[in-house]
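There are 2 protein chains.
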Amino acid sequence: MFNNTEDSKTKLSEFGEFGLIDHLTKHFVIQHNSTLKSIGDDAAVLEHKNPIVVTTDLLVEGIHFDLSYMPLKHLGYKAVMVNLSDVYAMNAEATQITVSISCSNRFTVEALEELYAGIQLAAQNYKVDVIGGDTTSAVKGISISITAIGTAPKEKITYRSGAKPNDLVLVSGDLGSAFMGLKVLEREKEVFKVNPNNQPDLEKYTYLVERQLKPEARKDIPELLEQLEVLPTAMIDISDGLSSELIHICKNSSVGANLFEDKLPIDPALISVCEEFELDSTTVVLNGGEDYELLFTINQNDYDKIKGNPNLSVIGHITEASEGIHLVTRANTKLPIQAMGWNSMDKEK
Amino acid sequence: MFNNTEDSKTKLSEFGEFGLIDHLTKHFVIQHNSTLKSIGDDAAVLEHKNPIVVTTDLLVEGIHFDLSYMPLKHLGYKAVMVNLSDVYAMNAEATQITVSISCSNRFTVEALEELYAGIQLAAQNYKVDVIGGDTTSAVKGISISITAIGTAPKEKITYRSGAKPNDLVLVSGDLGSAFMGLKVLEREKEVFKVNPNNQPDLEKYTYLVERQLKPEARKDIPELLEQLEVLPTAMIDISDGLSSELIHICKNSSVGANLFEDKLPIDPALISVCEEFELDSTTVVLNGGEDYELLFTINQNDYDKIKGNPNLSVIGHITEASEGIHLVTRANTKLPIQAMGWNSMDKEK
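These protein sequences, in sequence, are chains A and B. Per the UniProt record's numbering, the first sequence starts with residue 1, numbered consecutively. Per the UniProt record's numbering, the second sequence starts with residue 1, numbered consecutively.
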């Protein structure tokens with residue numbers, strides 16, 4: 001699809017660096033008044049009334065994604081999501097991004113157009129301005145480096161360090177699906193290697209595969225919390241797995257926590273696929289990464305404001321640090337929570 | 001020096017991702033009050049009173065640098081300079097950077113320590129805070145993606161688009177030396193391949209090689225212009241060569257320009273090395289890249305304020321667009337200036 005083999009495709013060398021950036025970003029629209037100057041000078045110029053938050057992530061082919069099942073348009077979309085998720089995790093609004101890409105001459109102009117179509121769709125859906133970037137050659141593979149900027153009033157910005165004993169632990173959406181989506185895609189890739197004519201029937205996996213290939217960052221959660229007049233005490237996004245992120249909050253806030261197995265939000269599709277793969281769904285929910293949901297804590301007094309909201313699940317509460325970090329199982333036993341991370345979960349199998 | 005061959009060196013896998021970032025950045029000091037929160041949360045938090053400028057650059061091994069003659073500490077330093085130069089080119093003060101690095105397991109922890117030592121030295125010398133980043137694996141090679149943030153009062157920010165007919169064209173420092181430094185290093189690399197025991201005598205090339213390996217961004221120029229009460233009408237940094245950058249200013253400002261060959265600032269070391277390499281020094285000055293000097297225009301009325309300043313050279317003046325962009329040679333002939341860029345200069349030889 002993206003390989004530089006067909007004669008009808010345009011080689012990157014046919015554009016100069018500046019021509020290429022101009023070409024790829026010509027349909028991008030500026031949506032924020034805070035963007036005084038976008039692409040086209042030595043630097044972009046922004047004017048924000050409130051403090052800004054800044055985060056950056058680098059995605060590398062062969063490490064973070066596999067183009068044999070990740071379409072380039074999805075990759076562009078996901079690369080933006082990964083970064084915006086970190087902005088929302090500060091309880092802030094995302095406003096601008098810069099996008100730098102390095103790629104080998106195996107990629108054509110048409111391939112980069114696909115990638116930028118995904119970036120543009122993400123920028124449009126999430127109302128962020130693409131204010132700059134760099135497009136350069138690489139000896140091998142493709143890498144995408146994005147820096148995201150957001151803003152929020154100082155008193156609203158939420159760190160990992162504010163959780164207090166007796167706070168409630170909440171999570172948005174459901175967990176583990178992106179990880180199992182990856183397992184399904186990896187299995188299909190192996191099947192394809194053996195029999196390239198096999199037509200995989202992915203219908204029953206649609207939700208899980210979509211969670212892996214087209215994750216959505218939770219722009220709506222900071223907005224919802226503002227409407228509900230709830231100021232979270234601590235917040236983090238779930239990129240490496242619930243266990244690992246909860247430990248970050250506990251370490252940074254000097255507290256402990258209890259999670260309850262029967263409160264963990266699981267999509268029904270996940271349970272049946274976990275059975276198929278002979279994996280324990282609780283383990284997947286605790287350690288599967290890339291869900292890009294938000295994990296946060298609130299004061300108990302705010303419970304009535306969030307009670308019954310379909311976007312949020314109360315999954316536990318914060319304790320004194322001395323009590324440690326535990327999962328209370330359905331059988332009512334307490335297991336210590338360790339940061340396994342989804343990479344090591346794979347290795348341990 | 002940096003290869004992962006000696007047993008005494010530490011493999012990257014011995015640190016987790018978070019452990020590695022913590023380890024590499026533990027000596028970094030925060031110098032700006034505008035940095036409310038640095039490394040250690042989902043995003044950094046900054047509070048700037050004035051507008052900010054944002055720029056990003058991606059350096060890729062085998063494309064932008066060659067580790068056979070670029071020590072890792074120098075590479076770290078230069079990667080920061082490349083970005084800060086874009087901030088100064090907006091007539092702004094640089095305040096914060098994020099640093100993302102991807103590298104293969106050919107690199108050890110000690111190698112990354114060297115790289116970060118260069119980044120730290122640059123951050124210290126130029127008073128910028130390292131506020132975030134990402135360190136990740138790569139299948140091959142090493143890439144460095146830096147985003148730099150700066151700030152300036154709105155009325156001081158200088159774009160490429162403000163040059164007016166009769167403005168003077170100025171440049172800081174001298175030009176062409178970084179390019180000839182690269183030529184010298186490439187020649188020595190070839191010699192080394194043939195005879196690894198040959199000890200190169202680089203003493204007469206010290207200045208040129210240093211301009212290539214350890215460029216300094218012109219932090220002092222926006223400061224100097226403020227002291228002199230000169231507001232430039234347009235400004236750009238010289239990364240791709242004087243011709244190319246002048247054309248950017250002329251295009252963005254809808255003007256033409258005349259440069260004078262006898263006014264171009266050339267270091268004496270450059271002239272003798274150009275003779276040695278049988279290259280025309282004016283061509284090198286016009287098209288040699290990576291000098292990271294600033295090219296800018298000022299109103300003629302400000303001439304007395306900058307006259308005789310040893311950091312600045314008046315090299316020409318702005319004309320109406322219809323007059324085109326020309327070099328007036330020592331023989332008083334007018335040659336059109338074209339954007340060759342230092343890459344194509346190499347290819348054309």
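These are computed hints drawn from the structure, not numbers from a lab. Heads up, the beta-carbon is just placed ideally off N, CA and C, and yes, glycines get one too. Hints are supplied without guarantee of correctness; some may be wrong.
[As the list claims (entries may be wrong)] What follows is a set of in silico ranges between Cβ atoms, one per label pair, in the way DEER data are often shown:
(1) A/Asn309 to B/Asn33: 31 to 41 Å
(2) A/Ser68 to B/His23: 29 to 39 Å
(3) A/Ile30 to B/Glu275: 20 to 30 Å
Quick rundown of the hints versus the structure:
1. Against the hinted window of 31 to 41 Å, the Cβ-Cβ separation of A/Asn309 and B/Asn33 comes to about 39 Å, which satisfies the hint.
2. At roughly 34 Å, the beta carbons of A/Ser68 and B/His23 sit within the given window of 29 to 39 Å.
3. Our hint of 20 to 30 Å for A/Ile30 and B/Glu275 is violated, since their Cβ atoms are close to 50 Å apart.
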